[in-house]
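Colleague: Taking the working numbering, the leading residue of the sequence shown gets 19, the next gets one more, and so forth.
None of these hints come from the bench; they were simulated from the model. Small disclaimer: the values here were computed from a predicted structure and weren't measured. Any given hint could be a false lead.
Claimed, not checked - Once the Cα atoms are required to be at most 27 angstroms apart in a straight line, the calculated DSS-like pairs of lysine-lysine come out as:
| # | residue 1 | residue 2 |
| --- | --- | --- |
| 1 | Lys74 | Lys269 |
| 2 | Lys244 | Lys123 |
| 3 | Lys260 | Lys224 |
| 4 | Lys244 | Lys219 |
| 5 | Lys151 | Lys69 |
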Amino acid sequence: MTKRTLLNFFPVAVALAFTILMAGSCNNSGDKAATDTTDSSALKDKDGFVKIFDGKTFAGWEGDTSVWRIEDSSFIGEVFAGRPPLKANTFLIYRNGQPSDFEFKADYRISPGGNSGVQYRSEELKDIHLALKGYQADIDGANQYTGQNYEERGRGFLAMRGQKVTLESNVKPIITDSLGNSDSLKTHINNDWNEVYIVAKGNHMKHYINGILMSETTDNDTTARKFSGWIGLQVHVLPSMKVEYRNIRLKQE
Numbered sequence: 019m020t021k022r023t024l025l026n027f028f029p030v031a032v033a034l035a036f037t038i039l040m041a042g043s044c045n046n047s048g049d050k051a052a053t054d055t056t057d058s059s060a061l062k063d064k065d066g067f068v069k070i071f072d073g074k075t076f077a078g079w080e081g082d083t084s085v086w087r088i089e090d091s092s093f094i095g096e097v098f099a100g101r102p103p104l105k106a107n108t109f110l111i112y113r114n115g116q117p118s119d120f121e122f123k124a125d126y127r128i129s130p131g132g133n134s135g136v137q138y139r140s141e142e143l144k145d146i147h148l149a150l151k152g153y154q155a156d157i158d159g160a161n162q163y164t165g166q167n168y169e170e171r172g173r174g175f176l177a178m179r180g181q182k183v184t185l186e187s188n189v190k191p192i193i194t195d196s197l198g199n200s201d202s203l204k205t206h207i208n209n210d211w212n213e214v215y216i217v218a219k220g221n222h223m224k225h226y227i228n229g230i231l232m233s234e235t236t237d238n239d240t241t242a243r244k245f246s247g248w249i250g251l252q253v254h255v256l257p258s259m260k261v262e263y264r265n266i267r268l269k270q271e
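Required output: the full structure, derived from the provided sequences and hints.
Modeller: In structure tokens, the structure reads:
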């Protein structure tokens, strides 16, 4: 190629290179925009659950921070001697909606003398700050009540561990079937971390611990039953106790 030809070719080559560079830049910008666009479905795991606790902050939650703190990617609720005693059971409340039909999962660990639970489809009391009324997947350190369905500030014990129950207006819970002996079911509950799993659909509620069905409730009481409400994590009035929750997930219909 002659010197003249090279000189004629140089501007064309520069222009071509510039065009390719700009095209690549546009493609990269498009890829970045696609990456930065948050799709809520991308937050779901393979089973459709979404994490509702980021492990670092109280974003989306409200509670008494003299009782609740965050450590090691866990919510920790603790009361102990030397601090003002609780006057009422207090709750860390999930504020991003009041789910109706849903599935809820969380890992928990509780001190031997502790009393806690996952509140759901619950009302907030107007006269007591951060207090809830409604269904509760009960949890306690002695595992006397863990897995049962208890109605906080309401009808009390609805379905004990091992019971399949139907609720009617103005009568005691009707046991319709057995899910197993309570003590036998208790052997599936660890003294360390466990998973609580709640399925609430219509008037039908199931409580699982570590994948084992512990209680099942069908609520036909048209006056008292609830179909939606707040979710909350409980610290019970006690001289001392500690409960931890992590890996908190929610799947809504």
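Colleague: Each hint should be assessed against the structure and marked as holding or not.
Modeller: Each hint, compared with the structure:
1. Lys74 with Lys269: Holds. Lys74 to Lys269 sits at ~21 angstroms (cutoff 27 angstroms).
2. Lys244 with Lys123: Holds, at about 20 angstroms.
3. Lys260 with Lys224: The given pair, whose Cα atoms are some 25 angstroms apart, holds under the 27 angstroms limit.
4. Lys244 with Lys219: 11 angstroms, holds
5. Lys151 with Lys69: This hinted pair holds, its Cα atoms lying about 24 angstroms apart.
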